[in-house]
Structures are given as C-alpha cells and as structure tokens.
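With these hints in hand, go ahead and build the complete structure from the sequences.
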Amino acid sequence: MTIELGTRLGLNVHRDQWPTAALLDSYGSAGFAWVQVHTPPRPMLADRERGRRHARALRAALAPHGLRLLLHGPDDLSAGTIEHDRAFDGLMDYAAEAGAELVGVGAMSFPVAEGPAAARRLDERLAAEERSLRRLAQRAEALGLVLALENLAPTYPSRSARVCHDVLAVRDLVRRLGSPAVGVLLDVGHAHLVASLRGESAERVVRDALDDVVVFHVHDNLGARRHDLGAPGVDPLRLDLHLPPGAGCLPWDRLGPLLAGHGAPLMLEVERSHGAAPAALAADTTALLRRRPAAVPAAA
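Note that the working numbering has the sequence shown beginning at 107, numbered continuously upward.
Because the hints were derived from the structure by calculation, they are not lab data.
It cannot be assumed that every hint is accurate.
Ranges of calculated distance between the beta carbons of each label pair, as one might list FRET restraints [unchecked claim]: (1) Ser264 / Trp124: 30 to 38 Å; (2) Asp314 / Arg226: 23 to 31 Å; (3) Ile188 / Pro286: 24 to 32 Å.
Idealized CB from N, CA, C, for every residue including glycine.
Have a look at this one:
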C-alpha cells in the first residue's frame with residue numbers, strides 16, 4: 107500500500123544558501139513537509155558556542171513554516187579521531203538546538219584497501235569509527251535524534267572506490283550498531299550510479315537495504331555514462347549529477363513502488379543549477395513514485 111507521500115516529501119536547501127522566509131514559503135506552498143539544511147563546516151561545529159548560535163538562528167528561521175528538519179552534516183566528517191569526534195559532538199549539540207529530527211552523515215568514507223598493509227590500516231580506521239559511532243548513538247538516543255548513515259558515490263569517473271559506495275556495507279554497519287537512533291540514509295541516486303558502474307541491479311540493492319532505511323535521498327543521473335552518454339545542459343564528465351527525478355535513467359518504474367510503499371521521508375537533492383521549481387519537483391516526483399510498473403508481456 108502506498109503511504110501518503112505529502113507528509114514524506116522534502117527538499118534540500120543548497121549548502122551555500124540560507125533558508126530565507128521566501129524560500130521556505132515556496133517549499134511549503136509546493137507541498138513539502140520536510141527540509142534539509144546543511145550545517146556549518148567541521149571547524150565551526152567544533153566551536154560549540156558558535157555552533158549553538160547558528161543553530162538557534164536556523165530554528166528561528168524555520169519556526170513560522172512548520173517544516174520538519176533533516177540536518178546534513180559536513181561531507182568531510184568521519185567519526186573515530188579526536189578532532190572529528192569533537193566536531194561530531196558539536197553536530198549533536200547543533201541538531202538538538204535547531205530542533206532537527208534526523209541528522210544525515212557519512213560513514214565508512216575510506217578508500218578500499220589494496221594490499222595487506224593497507225587492509226590492516228583500513229580495518230583499524232573502520233573499527234575506530236564504529237567505536238565512536240556507538241558512543242554517538244547513545245548521545246543521539248538521549249537527545250531524541252536519529253543518525254542517518256549515507257551511502258555515497260564517485261562524483262567523477264575514478265578507479266578508486268570507497269567502502270561507503272557499497273549500500274550493503276553501510277547497512278551492515280547500522281545493523282552492528284544495533285541502535286534505534288541509527289539507520290540508513292539510502293541515497294537512491296548514488297545506489298543507481300554505483301550499481302551501473304558495477305553492472306549490478308539497483309533495485310536489488312535498494313530492496314536489500316529497505317528494512318534499515320530511515321530517510322531517502324532522491325535525485326537522478328545518467329548512470330555510468332558509457333559510450334559518452336550525455337544530455338543538453340549537463341556536465342559531460344560528471345557522474346553524480348543530482349538531476350530532477352525523471353531527467354536521468356534511474357528505473358523509476360521499479361524503484362518508485364519500493365520508495366512509495368516505505369514510511370521514511372523522501373528528501374529531494376536536486377542541484378539548483380537545473381532550475382527546477384519546487385512545485386514542479388513535488389508534482390513530478392509524486393507522479394513518478396505513484397507510477398505503476400510496466401506489465402511484463404505474457405509468454406507466447
């Protein structure tokens with residue numbers, strides 16, 4: 107059964123943009139119930155007083171609009187070192203002060219090891235991160251927050267893969283942590299892109315992670331872009347394009363029902379250079395998610 111989409115749709119505020127009253131009005135008028143806002147950079151979060159001041163200003167900006175808040179932490183934040191854990195604790199303070207419900211963060215953002223020595227170093231770094239996340243999960247639970255660990259993808263063609271490119275590796279970390287305050291932030295655009303690069307099925311990967319998902323990131327791309335696949339007005343090399351849903355080649359007829367039948371928020375992360383208006387994004391995404399899968403012809 108499709109769960110009501112109107113209460114689940116959200117829209118990202120660009121990382122370099124402040125959520126002004128006019129912008130938030132446009133989100134609310136378009137029917138979005140959630141908003142994603144990027145936090146200040148890691149050094150600012152480590153400065154707890156500055157972080158709290160910024161968070162109070164964000165809470166005041168959001169208050170008249172009734173939008174529920176997903177915070178997106180800094181891209182370079184990785185738990186497991188003294189410096190990063192200090193900033194992560196600041197992120198927890200920031201989220202509580204801002205009134206966030208969900209906090210999206212990266213995890214396992216380390217290069218896949220090549221060779222025994224590199225594998226040992228990677229295992230040590232992953233173990234340190236996991237120990238820190240266990241402590242941070244306890245803090246999140248006490249504060250009434252949920253940490254959402256995101257699967258990532260390469261921005262441009264590259265031979266170097268990262269552990270976090272594997273949706274199921276992120277899912278397994280969430281399961282090992284075993285906390286109600288930690289779940290998967292399943293980025294379906296990233297999942298499709300990595301599956302395309304590996305020659306795998308994005309649908310299978312998404313299905314296998316659904317039970318642990320607490321929020322989705324929703325956007326489109328052109329997959330691995332083999333044979334120089336391009337599109338008008340689109341960077342000719344970039345892989346992680348953050349196109350409006352339906353403007354790329356994600357298999358929405360198969361993925362849409364999986365997302366529509368879930369209960370987690372659906373946060374649109376569309377690059378603002380594509381010029382999509384909030385109302386059009388809401389309407390087009392809702393139509394995609396409600397579209398029935400194409401019927402398979404019966405065998406002769």
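- [ ] Could you tell me whether the CB distance from Ser264 to Trp124 stays inside 30 to 38 Å?
- [x] Given range 30 to 38 Å: holds, Cβ gap about 32 Å.
Task: Range hint compliance [Cβ, Ile188 to Pro286, 24 to 32 Å] - done: 27 Å, holds
Task: Outcome for the supplied range 23 to 31 Å, where the beta carbon pair is Asp314 and Arg226 - done: 29 Å, holds
In summary, this structure violates none of the numbered hints.
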